[in-house]
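**Student:** Chains as they are written, first to last, in UniProt numbering: chain A, 1 to 537; chain B, 1 to 65.
Be aware that a few hints might be false.
To be verified - Covered stretches of chain A, going by a simulated chain B footprint (3 or more residues, C-beta under 8 Å): (1) 372-380; (2) 403-417.
Claimed, not checked - In the SDA-like style, the derived pairs of lysine to any residue whose C-alpha atoms are separated by at most 20 Å in a straight line are: (3) A/K384 - B/N35; (4) A/K165 - A/P31; (5) A/K165 - A/R29; (6) A/K384 - B/L3; (7) A/K384 - B/F15.
What the hints assert, rightly or not - Every beta carbon over 12 Å from chain B, so not counted as near; a handful from chain A, in silico: (8) I295; (9) L355; (10) S388; (11) K536.
The hints are simulated quantities; they were obtained by calculation from the structure and are not laboratory data.
For every residue, glycine included, the Cβ atom is placed at its ideal position computed from N, Cα and C.
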Amino acid sequence: MPLDDRYQLAFTLYPYTRSTDQGASVPVRHPVVVMGGGPVGIATALDLGLQGIPVVLLDDHEGVGQGSRAICFAKRTLEIAHRYGCGQPMLDKGVVWNLGKVFHDDRQVFEFNLLPEQGHRYPAFINLQQPYFERFLVDRVREAQAQGAPIDLRGKNRVDTVEVKDDHVILDITTPDGPYRIAADWLIGCDGASSPLRKMMGLDFEGRVFEDNFLIADITMKADFPTERWFWFEPHFKSGDSALLHKQPDGVWRIDFQLGWDIDRTEELKEENVRRRLDAMLGPDVDYELVWTSIYRFQCRRMKTFRKGRVIFAGDAAHQVSPFGARGANSGIQDVDNLGWKLGLVLNGTAPEALLDSYDLERRHGADENILNSSRSTDFITPKSRISHVFRNAVLDLAEHHAFARPLVNSGRLSVPCVYDGLPLNTPDALPYGPSRTRPGAPCPDAPLGQGFLLDHLGGDFVLLGVGVDVPDTLSAHGLVLRGLSVPAAGDIRGRYLGDAPGAVYLIRPDQHVAARWPTFDEAAVRAALATAIAKD
Amino acid sequence: MALNTAPNIPDPDGFYAELLDAHDGLSDDDSIAFNARLILILANHIGDRAVLTEALAAVSKGDTR
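Start from the sequences, fold in the hints, and give me the full structure.
**Tutor:** Shown next, in the form of structure tokens:
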């Protein structure tokens, strides 16, 4: 098979250069190889590279494809990007929105304000075209490389076959200079929803297919729509069974139309037909230009397990959701956040390989929650039976006059990170009257601290956080050095981490999730909880 | 007691999914009958005649179609 591009690039980010591996007489063996240079693959390379772990990333293109695709990046994703050192450029470029309006036919049913909680560095959401998101990640990779991070991005390197052994994987790769072979101790599959790696290994990917097609049109226009999310059920302008209008940077608007199941894809993508739908929606006086159009279908499904020996899957390769609720790219970045530190500790011999099974458990838990939420949104937006359509419209009718019906209106739920409730890395909660949002397994909520924010001080390694309790500056245990951080019981930190408790001690994982918490500092309890958190007991 | 039209159902998405699951596989006629039984059992649970009258009026007003 020739090495042709399957799509046009928005940005060339990792042009092909010949690697010394290509002339080697014996295949060179690398600790980690990442397959796929999308947001999840690049973030994986960045996470590992910043830990000083050599990582090779292979992609069959030389950069990021055209099209806005994932446009909603949630707070948790931005916090993770901040830990990697590239959250700020995303926030600077992104569009922040808080107000959403829901319409049915020609009537506004209600409007909602996300009313973001104060005291966080990042907003609930930004809208940002996926190519920008990927470019900021790669910019950060280049900066990290300049500072010595051992990251090797190889464009136009297509993996054709893999041979999975007990303790390594052999990869055969095609390049413009011909084929070569490398070996990897660990292979991370970040090669997207149609993952070639998954197919090469003959692994399952099962779930529910939704019988609907959505037309995306990105347009630029002069019209003065506000920076709000507008969603129509059964819009009066008849451009689709539902419609969505959302603002992106560079004066670009994302418009989605629900087309139904039985459509002629080629016909619908013709410019005159796309324009007919847009004209009906925007009215005759609005001038606009088409930037990008696409038709998508979606499925909600996941692999049975995300780890197969030395091969680990992350992002869309491992799980796919409907786009409602922005849980695709966002959950993929959470996979990386979860995997990075675990793989790091296993590679340097601090933690047993069993720690990686917790990646599988925790992220399957996350995927199931995302699939549940996005399936429910989809069922509301595209009712599958007459009775579900009747109920849906009854909810919309009632929501206009009665507040109780508004929480039932589901045009996509805010993407929030899951809590790893009841999973094996947690130590049972020893602060039972503490706030539920910071229970073991939960991601740490941000809060102002000094001139910056609490999350600036967490993550990357294990931290022992004392809130109104003094903890030691360092504590060595199980081959790790715990970093102590004592902060006063005041302000938002008090509300978010103490509730009514006078003080608390938190053990926080490198991915900023709570591993354990107590009312006081007890060294033996901390040591035991740390062992549990790295699967060492 | 007046009719409560403020949000009052914990886990609204879960409730809505359970409601639709209950109808899964029913014919239209069976779904209508199911809804009638559901309304009657909920009305009995409410029990307050004034509230039931108010609910009937609220739904009539809410039907703007």
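**Student:** All hints are to be evaluated individually against the structure, with a verdict given for each.
**Tutor:** Going through the hints against the structure:
1. A stretch counts as covered by a chain when three or more of its residues have a beta carbon under 8 Å from one of that chain; for the segment 372-380 of chain A and chain B the count is 4, and the coverage holds.
2. Counting residues of the segment 403-417 of chain A whose beta-carbon sits less than 8 Å from any beta-carbon of chain B gives 7, enough to reach three: the coverage restraint holds.
3. Under the criterion of a C-alpha separation no larger than 20 Å, the hint pairing A/K384 with B/N35 is consistent with the structure, at around 18 Å.
4. Of the supplied pair hints, the one linking A/K165 and A/P31 holds, its CA atoms being roughly 14 Å apart against a limit of 20 Å.
5. Restraint check for A/K165 and A/R29: the C-alpha separation of about 13 Å stays at or below 20 Å, so the hint holds.
6. Only pairs whose Cα atoms come within 20 Å are accepted, and A/K384 paired with B/L3 is rejected, the gap being roughly 32 Å.
7. The hinted pair formed by A/K384 and B/F15 meets the criterion: a straight-line CA distance of about 17 Å does not exceed 20 Å.
8. Annotated as non-interface, A/I295 keeps its C-beta farther than 12 Å from every C-beta of chain B; the closest such distance is 27 Å.
9. The non-interface label for A/L355 is consistent with chain B: the shortest C-beta to C-beta separation is roughly 33 Å, beyond 12 Å.
10. At the 12 Å boundary, the C-beta of A/S388 falls inside the reach of chain B, the nearest C-beta of that chain being 5 Å off.
11. Distance check for A/K536 against chain B: the nearest CB is about 37 Å away, which clears 12 Å, and the non-interface claim stands.
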